[in-house]
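Asks: Could you slot chains Y, F and U onto chain H? The hints should help.
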Amino acid sequence: MINKIVQSIAEAMAGIQDGSTVLIAGFGAVGQPNALIEGLIEQGARDLVAVANNAGVGHEGLARLMELGRVRKIICSFPRSSDPVVFEGLYRAGKIELEIVPQGTLAERMHAAGAGIPAFFTATAVGTLLAQGKEAREFDGKQYVMEKAIHGDVALVEAWEADRWGNLTYKQSGRNFNPIMAMAGKLTIVQSQHIVELGDIEPENVHTPGIFVDRVLHVPYGDPSGF
Amino acid sequence: MINKIVQSIAEAMAGIQDGSTVLIAGFGAVGQPNALIEGLIEQGARDLVAVANNAGVGHEGLARLMELGRVRKIICSFPRSSDPVVFEGLYRAGKIELEIVPQGTLAERMHAAGAGIPAFFTATAVGTLLAQGKEAREFDGKQYVMEKAIHGDVALVEAWEADRWGNLTYKQSGRNFNPIMAMAGKLTIVQSQHIVELGDIEPENVHTPGIFVDRVLHVPYGDPSGF
Amino acid sequence: MADTTVAPSKAEDFKPLSRTQMAARAAQDIPEGWYVNLGIGIPTLISDHVPMDREVILHSENGILGMGPLAPKDAIEPWLVNAGKQYVTLRKGGSYCHHADSFAMIRGGHIDLCVLGGFQVAENGDLANWATSENDTAPAVGGAMDLAAGAKRLWVLMEHTTKDGTSKIVRRCSYPLTAVGATRRVYTNLATLDISPSGFVVVDMAPGLTFENLQARTDAPLRMAG
Amino acid sequence: MADTTVAPSKAEDFKPLSRTQMAARAAQDIPEGWYVNLGIGIPTLISDHVPMDREVILHSENGILGMGPLAPKDAIEPWLVNAGKQYVTLRKGGSYCHHADSFAMIRGGHIDLCVLGGFQVAENGDLANWATSENDTAPAVGGAMDLAAGAKRLWVLMEHTTKDGTSKIVRRCSYPLTAVGATRRVYTNLATLDISPSGFVVVDMAPGLTFENLQARTDAPLRMAG
Numbered sequence: 001m002i003n004k005i006v007q008s009i010a011e012a013m014a015g016i017q018d019g020s021t022v023l024i025a026g027f028g029a030v031g032q033p034n035a036l037i038e039g040l041i042e043q044g045a046r047d048l049v050a051v052a053n054n055a056g057v058g059h060e061g062l063a064r065l066m067e068l069g070r071v072r073k074i075i076c077s078f079p080r081s082s083d084p085v086v087f088e089g090l091y092r093a094g095k096i097e098l099e100i101v102p103q104g105t106l107a108e109r110m111h112a113a114g115a116g117i118p119a120f121f122t123a124t125a126v127g128t129l130l131a132q133g134k135e136a137r138e139f140d141g142k143q144y145v146m147e148k149a150i151h152g153d154v155a156l157v158e159a160w161e162a163d164r165w166g167n168l169t170y171k172q173s174g175r176n177f178n179p180i181m182a183m184a185g186k187l188t189i190v191q192s193q194h195i196v197e198l199g200d201i202e203p204e205n206v207h208t209p210g211i212f213v214d215r216v217l218h219v220p221y222g223d224p225s226g227f
Numbered sequence: 228m229i230n231k232i233v234q235s236i237a238e239a240m241a242g243i244q245d246g247s248t249v250l251i252a253g254f255g256a257v258g259q260p261n262a263l264i265e266g267l268i269e270q271g272a273r274d275l276v277a278v279a280n281n282a283g284v285g286h287e288g289l290a291r292l293m294e295l296g297r298v299r300k301i302i303c304s305f306p307r308s309s310d311p312v313v314f315e316g317l318y319r320a321g322k323i324e325l326e327i328v329p330q331g332t333l334a335e336r337m338h339a340a341g342a343g344i345p346a347f348f349t350a351t352a353v354g355t356l357l358a359q360g361k362e363a364r365e366f367d368g369k370q371y372v373m374e375k376a377i378h379g380d381v382a383l384v385e386a387w388e389a390d391r392w393g394n395l396t397y398k399q400s401g402r403n404f405n406p407i408m409a410m411a412g413k414l415t416i417v418q419s420q421h422i423v424e425l426g427d428i429e430p431e432n433v434h435t436p437g438i439f440v441d442r443v444l445h446v447p448y449g450d451p452s453g454f
Numbered sequence: 455m456a457d458t459t460v461a462p463s464k465a466e467d468f469k470p471l472s473r474t475q476m477a478a479r480a481a482q483d484i485p486e487g488w489y490v491n492l493g494i495g496i497p498t499l500i501s502d503h504v505p506m507d508r509e510v511i512l513h514s515e516n517g518i519l520g521m522g523p524l525a526p527k528d529a530i531e532p533w534l535v536n537a538g539k540q541y542v543t544l545r546k547g548g549s550y551c552h553h554a555d556s557f558a559m560i561r562g563g564h565i566d567l568c569v570l571g572g573f574q575v576a577e578n579g580d581l582a583n584w585a586t587s588e589n590d591t592a593p594a595v596g597g598a599m600d601l602a603a604g605a606k607r608l609w610v611l612m613e614h615t616t617k618d619g620t621s622k623i624v625r626r627c628s629y630p631l632t633a634v635g636a637t638r639r640v641y642t643n644l645a646t647l648d649i650s651p652s653g654f655v656v657v658d659m660a661p662g663l664t665f666e667n668l669q670a671r672t673d674a675p676l677r678m679a680g
Numbered sequence: 681m682a683d684t685t686v687a688p689s690k691a692e693d694f695k696p697l698s699r700t701q702m703a704a705r706a707a708q709d710i711p712e713g714w715y716v717n718l719g720i721g722i723p724t725l726i727s728d729h730v731p732m733d734r735e736v737i738l739h740s741e742n743g744i745l746g747m748g749p750l751a752p753k754d755a756i757e758p759w760l761v762n763a764g765k766q767y768v769t770l771r772k773g774g775s776y777c778h779h780a781d782s783f784a785m786i787r788g789g790h791i792d793l794c795v796l797g798g799f800q801v802a803e804n805g806d807l808a809n810w811a812t813s814e815n816d817t818a819p820a821v822g823g824a825m826d827l828a829a830g831a832k833r834l835w836v837l838m839e840h841t842t843k844d845g846t847s848k849i850v851r852r853c854s855y856p857l858t859a860v861g862a863t864r865r866v867y868t869n870l871a872t873l874d875i876s877p878s879g880f881v882v883v884d885m886a887p888g889l890t891f892e893n894l895q896a897r898t899d900a901p902l903r904m905a906g
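Protein sequences appear in the order of chains H, Y, F and U. Under my numbering, the first residue of the first sequence is numbered 1, with each subsequent residue one higher. Under my numbering, the first residue of the second sequence is numbered 228, with each subsequent residue one higher. Under my numbering, the first residue of the third sequence is numbered 455, with each subsequent residue one higher. Under my numbering, the first residue of the fourth sequence is numbered 681, with each subsequent residue one higher.
The following block holds chain H by itself, in its conformation from the complex (with noise of 0.2 Å):
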């Protein structure tokens, strides 16, 4: 019988490799999964690549990931937030490398990744500071990037629902960046808030099919703002 669901945080994080890229889904609190990566902060893998669409707020969780020396780089689209302390202190110290990413070019290029495609072109951030380096080309007479995948050795993923296959639901803007961190990441680690009967997620209504996870842990946490 296949059983993703695992019963212990220890047994969730097992295995993560120093230097490790680690996809951190969520957008702000929203569908972020605040307990796996507090239990990526107990587990002690460093010299990480995390890629979010923020570099944390205040000193918990992704921040205090950072202000534990445990980043090497963070990739994303906005590292300003409401309280950017600890990030905005290691980057001036030229302690942490930062890669800014448009938000749907991130988006994408993790959405590749999982696809099975190496790179794409987009218009976006054609003519900017970000397409710098980057290889330029022509389609039909209108200017693109060729932006390249973005590949996770660990995602982390926060789903509403969860079955023994690794089926997940998300709620309402919770999905976010999740769907595509799971189909990216080599090892997805998923906390979900119910564990639900195989089965009881509609078949039409599956919105990750178990094939994109490896591993789900019953957290029952509440709500965003709450943790």
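Treat each hint with caution, since some may be false.
Unchecked claim - The calculated lysine-lysine pairs, modelled on DSS-like cross-linking and capped at a C-alpha distance of 25 Å, are: (1) Y:Lys413 to Y:Lys300; (2) Y:Lys361 to H:Lys148; (3) U:Lys832 to H:Lys148; (4) Y:Lys413 to H:Lys142; (5) Y:Lys369 to H:Lys142; (6) H:Lys186 to H:Lys73; (7) H:Lys95 to H:Lys73; (8) H:Lys4 to H:Lys186; (9) F:Lys606 to H:Lys142; (10) U:Lys695 to U:Lys843; (11) Y:Lys413 to Y:Lys375; (12) Y:Lys375 to H:Lys142; (13) H:Lys148 to H:Lys73; (14) Y:Lys375 to Y:Lys361; (15) Y:Lys369 to H:Lys134; (16) H:Lys186 to U:Lys695; (17) H:Lys134 to H:Lys73; (18) H:Lys4 to U:Lys832; (19) Y:Lys300 to H:Lys148; (20) F:Lys617 to F:Lys606.
Said to hold, decoys possible - Some chain F residues well away from chain H (every beta-carbon gap over 12 Å; in silico): (21) Lys469; (22) Glu515; (23) Arg625.
Because the hints were derived from the structure by calculation, they are not lab data. Note that the structure is predicted; figures quoted are calculated from it, not measured. We put the CB at the ideal spot given by N, CA and C, even for glycine.
Replies: Structure of chains Y, F and U alone, referenced to chain H:
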């Protein structure tokens, strides 16, 4: 009030120009918009490029459209069928152009069009006849070919449920090419088994959001095998 | 770079539009049926000025189509935020999708209109709205470049000048660009300006403002419509 | 092109596997938990030989994950067909998706195993299974090239020879290729062959068949495992 629901097949098909590229969804008979194909036969546009997975069966639907000399070129993955007599006759007589595209590449070329990506790389077909004349390129030591987006002037789609904003659901494997052709069509026309009230489809479970849909015709036609 | 500081006119016999008035002015021009993404800041206010019976479908790049007004404090849905991370609501007929699908709507040209804030708009349609220097520490781009390059139309909603009176309507942007030649129209607190192949065209002005006064506050040359 | 016709052995003291036996043989090697796409034809039969309590998740490229057995005649779901357009069922835990997502599973390397039929397999792993000549009238490729290039592992399940005795296990494919160097293992009615960097390795043979007899029926050179 936005209302994409039209009252007649003539209204649904109005304005399709000669020379259009028409995306026709379905995988075999399942998810195939039969009433709209009939409508296109009636409507009269000529010199069409048809994009579909198959090249028609017997003397009906797409096969009929070809038999009437209305299709200049077909782009498909699988021109064979249980009864491909019309296509094969035209093809041997040099009266129709054929572009064979691997099925996944066909799907992704339309998905790319819908997503504003003019070209992408794939390992599919590398080293085969179907890669001839295509740009080849290596990424991380592996070979790929470049494939270009396929845009539709018109997309013909079959849905299970539709509302007045054009939100759609599909039934079981009837989904197939429908959502991606809906994305890739400049004018996306839908025939739907059921018309539902706005809000009846769960917001988390809309399969094709109305932004990709222009017109919806109610066609409660039973099942694909019974057509 | 040209000195874009403009001297205030002697006889200021007009009242610049408030932020609310600017949003209301832009809202007038959005017809029913458009799919619209409103950027963070003043553009977000536009939605308050589209009457509910004129169905305009709001898109938020974090995966919402058919977004409704801000959530009342007593009915917050914790998983439902807009791109500015405010709690919002969903209209009947709205739906959710993931980030790649959401940006496919943008990049694929399915969004009829995007309205962004701006630092500078140039007469060739260039927009700068994400960084004020090439050496900015950690500039944050978010979805601005995707929206500016991908939407069918780009409008910019911003003050006409900076606080010190420097024109934000310029011949050429001095700040790093968000997108090249993308802007179609600018709504400021002083005027509505179309961008034509030959530069800025004044559509309307704040009540009481003369063309000369407007030009005096503007780096780029203007001409009247018609 | 080399003459690949092989003479039948004089003393045929063995029985080639039936199609059912071939499918059963391949099924033995599929462990629980794999995501598997079974091509049209003999490969489809494999699913009958995976016991239901060994959970193997079948993928069909027309957007089904967790496909079950063929539908009984009295319980056909008209919208539920497999890639061969047969009416099938869905297992509990199964799901549907669109064609681009379905091929993302394939192209992205998420499918652990694909089993295809073949016309020829070469000792370098090349597979030819879609056209028998460069001048084929309208050859039909379907999803074969995507599956062969994209799945984590490609196995081929086919007769060892054509009806006239020509070996389909070849030094180099003479037919147009489906994929280059992709095949890992071949199950035929005569043997199971692994493809190693140095060519075909015999894993097992039909009962009673000798290595010499097998080699006599095979264009490509073989060696025994171990």
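Asks: Evaluate each hint against the coordinates.
Replies: Cross-check of the supplied hints:
no.: 1; hint: Y:Lys413 to Y:Lys300; result: holds (19 Å)
no.: 2; hint: Y:Lys361 to H:Lys148; result: holds (19 Å)
no.: 3; hint: U:Lys832 to H:Lys148; result: holds (21 Å)
no.: 4; hint: Y:Lys413 to H:Lys142; result: holds (18 Å)
no.: 5; hint: Y:Lys369 to H:Lys142; result: violated (28 Å)
no.: 6; hint: H:Lys186 to H:Lys73; result: holds (19 Å)
no.: 7; hint: H:Lys95 to H:Lys73; result: holds (9 Å)
no.: 8; hint: H:Lys4 to H:Lys186; result: holds (15 Å)
no.: 9; hint: F:Lys606 to H:Lys142; result: holds (14 Å)
no.: 10; hint: U:Lys695 to U:Lys843; result: holds (16 Å)
no.: 11; hint: Y:Lys413 to Y:Lys375; result: holds (17 Å)
no.: 12; hint: Y:Lys375 to H:Lys142; result: holds (14 Å)
no.: 13; hint: H:Lys148 to H:Lys73; result: holds (17 Å)
no.: 14; hint: Y:Lys375 to Y:Lys361; result: holds (10 Å)
no.: 15; hint: Y:Lys369 to H:Lys134; result: holds (20 Å)
no.: 16; hint: H:Lys186 to U:Lys695; result: violated (44 Å)
no.: 17; hint: H:Lys134 to H:Lys73; result: holds (19 Å)
no.: 18; hint: H:Lys4 to U:Lys832; result: holds (20 Å)
no.: 19; hint: Y:Lys300 to H:Lys148; result: violated (33 Å)
no.: 20; hint: F:Lys617 to F:Lys606; result: violated (31 Å)
no.: 21; hint: Lys469; result: holds (34 Å)
no.: 22; hint: Glu515; result: violated (6 Å)
no.: 23; hint: Arg625; result: holds (17 Å)
Comparing the model with each earlier hint shows violations of hints 5, 16, 19, 20, 22; every other hint is respected.
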